[in-house]
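J.: Number 122 in this note's numbering belongs to position 122 of the sequence shown; there are no gaps in the numbering.
Since the hints were derived computationally from the structure, they do not count as laboratory data. None of these values were measured; they are calculated from a predicted model. Wrong hints could be hidden among the right ones.
Claimed, not checked - What follows is a set of in silico ranges between Cβ atoms, one per label pair, in the way DEER data are often shown: (1) 108 to 46: 28 to 36 Å; (2) 108 to 72: 24 to 32 Å; (3) 72 to 8: 30 to 38 Å; (4) 100 to 29: 17 to 25 Å.
Said to hold, decoys possible - Within a straight-line C-alpha distance of at most 27 Å, the following computed DSSO-like cross-link-like pairs (lysine-lysine) qualify: (5) 24 to 88; (6) 52 to 24; (7) 88 to 52.
By construction, the Cβ of each residue, glycine as well, lies at the ideal position given by its N, Cα and C atoms.
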Amino acid sequence: YTAYLQFSGFDVAEATNGIEAIDKTVELLPDIILMDLALPRMDGWEATRRLKTDERTRHIPIVALTGHALAGHAEGARQAGCDAFVTKPCLPDALVAEINRMLALRDDDKNGRGSRSTGRTS
(Lines of atoms letter the chains of each structure in order from A and count residues from 1; the text may use other names and numbers.)
(Lines give C-alpha, C1' and ligand atoms only; values in the text may rest on other atoms or scores of the structure.)
Protein backbone atom coordinates (compact mmCIF):
# COMPACT_ATOMS: atom_id res chain seq x y z
CA TYR A 1 0.00 0.00 0.00
CA THR A 2 2.98 2.31 0.45
CA ALA A 3 3.40 3.20 -3.23
CA TYR A 4 -0.32 3.87 -3.66
CA LEU A 5 -0.45 6.08 -0.57
CA GLN A 6 2.56 8.04 -1.81
CA PHE A 7 0.95 8.33 -5.25
CA SER A 8 -2.17 9.65 -3.50
CA GLY A 9 -0.13 12.45 -1.92
CA PHE A 10 0.65 11.03 1.51
CA ASP A 11 4.08 11.13 3.10
CA VAL A 12 4.72 7.61 4.39
CA ALA A 13 7.12 6.46 7.09
CA GLU A 14 7.35 2.73 7.73
CA ALA A 15 8.27 0.64 10.75
CA THR A 16 9.06 -3.06 10.72
CA ASN A 17 8.10 -3.87 14.32
CA GLY A 18 6.10 -2.46 17.20
CA ILE A 19 9.08 -0.95 19.02
CA GLU A 20 10.17 0.89 15.89
CA ALA A 21 6.58 2.02 15.33
CA ILE A 22 6.49 3.64 18.77
CA ASP A 23 9.91 5.26 18.32
CA LYS A 24 9.04 6.68 14.88
CA THR A 25 5.65 7.90 16.08
CA VAL A 26 7.19 9.81 18.98
CA GLU A 27 9.84 11.25 16.65
CA LEU A 28 7.61 12.17 13.70
CA LEU A 29 4.18 12.72 15.32
CA PRO A 30 2.32 11.66 12.15
CA ASP A 31 -1.23 12.72 11.32
CA ILE A 32 -2.42 9.10 11.32
CA ILE A 33 -1.04 5.61 11.93
CA LEU A 34 -1.82 2.46 9.96
CA MET A 35 -0.98 -0.28 12.43
CA ASP A 36 -0.46 -3.89 11.42
CA LEU A 37 -1.50 -5.93 14.44
CA ALA A 38 0.85 -8.84 13.62
CA LEU A 39 4.25 -7.19 14.05
CA PRO A 40 7.43 -8.86 15.32
CA ARG A 41 9.22 -7.96 18.58
CA MET A 42 6.15 -6.11 19.89
CA ASP A 43 2.80 -6.72 18.23
CA GLY A 44 0.55 -3.95 17.00
CA TRP A 45 -1.93 -4.54 19.83
CA GLU A 46 0.66 -3.62 22.48
CA ALA A 47 2.18 -0.82 20.38
CA THR A 48 -1.30 0.70 20.03
CA ARG A 49 -1.97 0.47 23.77
CA ARG A 50 1.32 2.21 24.51
CA LEU A 51 0.76 4.95 21.94
CA LYS A 52 -2.74 5.63 23.29
CA THR A 53 -1.47 5.97 26.87
CA ASP A 54 1.38 8.32 25.93
CA GLU A 55 0.39 11.98 26.26
CA ARG A 56 2.53 12.85 23.20
CA THR A 57 0.79 10.40 20.87
CA ARG A 58 -2.65 9.59 22.29
CA HIS A 59 -4.37 12.10 19.95
CA ILE A 60 -3.10 10.42 16.75
CA PRO A 61 -5.78 8.29 15.05
CA ILE A 62 -4.75 4.66 14.63
CA VAL A 63 -6.25 2.45 11.92
CA ALA A 64 -5.69 -1.27 12.41
CA LEU A 65 -4.68 -2.62 9.00
CA THR A 66 -4.49 -6.37 9.32
CA GLY A 67 -5.24 -9.77 7.91
CA HIS A 68 -6.87 -10.68 11.25
CA ALA A 69 -10.48 -10.94 10.14
CA LEU A 70 -11.67 -13.30 12.85
CA ALA A 71 -14.73 -12.49 14.92
CA GLY A 72 -13.81 -10.26 17.81
CA HIS A 73 -10.61 -8.86 16.32
CA ALA A 74 -12.23 -5.55 15.35
CA GLU A 75 -13.59 -5.11 18.89
CA GLY A 76 -10.24 -6.16 20.37
CA ALA A 77 -8.48 -3.59 18.20
CA ARG A 78 -10.87 -0.88 19.40
CA GLN A 79 -10.30 -1.90 23.01
CA ALA A 80 -6.54 -1.65 22.41
CA GLY A 81 -7.11 1.92 21.20
CA CYS A 82 -7.53 1.65 17.44
CA ASP A 83 -9.93 4.19 16.01
CA ALA A 84 -10.80 2.09 12.94
CA PHE A 85 -10.27 -1.44 11.64
CA VAL A 86 -9.51 -2.37 8.01
CA THR A 87 -8.92 -5.95 6.91
CA LYS A 88 -6.43 -6.71 4.18
CA PRO A 89 -6.33 -7.25 1.45
CA CYS A 90 -8.38 -4.16 0.77
CA LEU A 91 -8.72 -1.96 -2.25
CA PRO A 92 -6.23 0.91 -2.12
CA ASP A 93 -9.02 3.41 -2.82
CA ALA A 94 -10.95 2.07 0.18
CA LEU A 95 -7.89 2.51 2.39
CA VAL A 96 -7.39 6.09 1.19
CA ALA A 97 -11.09 6.78 1.83
CA GLU A 98 -10.77 5.45 5.40
CA ILE A 99 -7.64 7.54 6.01
CA ASN A 100 -9.40 10.66 4.75
CA ARG A 101 -12.46 9.87 6.90
CA MET A 102 -10.32 9.49 10.02
CA LEU A 103 -8.40 12.69 9.28
CA ALA A 104 -11.69 14.57 8.80
CA LEU A 105 -12.98 13.25 12.14
CA ARG A 106 -9.74 14.31 13.80
CA ASP A 107 -10.01 17.78 12.29
CA ASP A 108 -13.67 18.08 13.34
CA ASP A 109 -12.70 17.02 16.86
CA LYS A 110 -9.93 19.62 16.99
CA ASN A 111 -12.38 22.29 15.91
CA GLY A 112 -15.10 21.17 18.32
CA ARG A 113 -17.45 20.04 15.55
CA GLY A 114 -17.46 16.33 16.15
CA SER A 115 -16.70 13.53 18.47
CA ARG A 116 -14.26 10.67 18.21
CA SER A 117 -13.68 7.57 20.24
CA THR A 118 -10.55 7.33 21.93
CA GLY A 119 -4.71 5.56 13.10
CA ARG A 120 2.12 2.81 8.66
CA THR A 121 3.54 -0.13 10.16
CA SER A 122 4.18 -3.36 8.29
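J.: Out of the numbered hints, which ones does the structure contradict?
T.: The structure breaks none of the hints.
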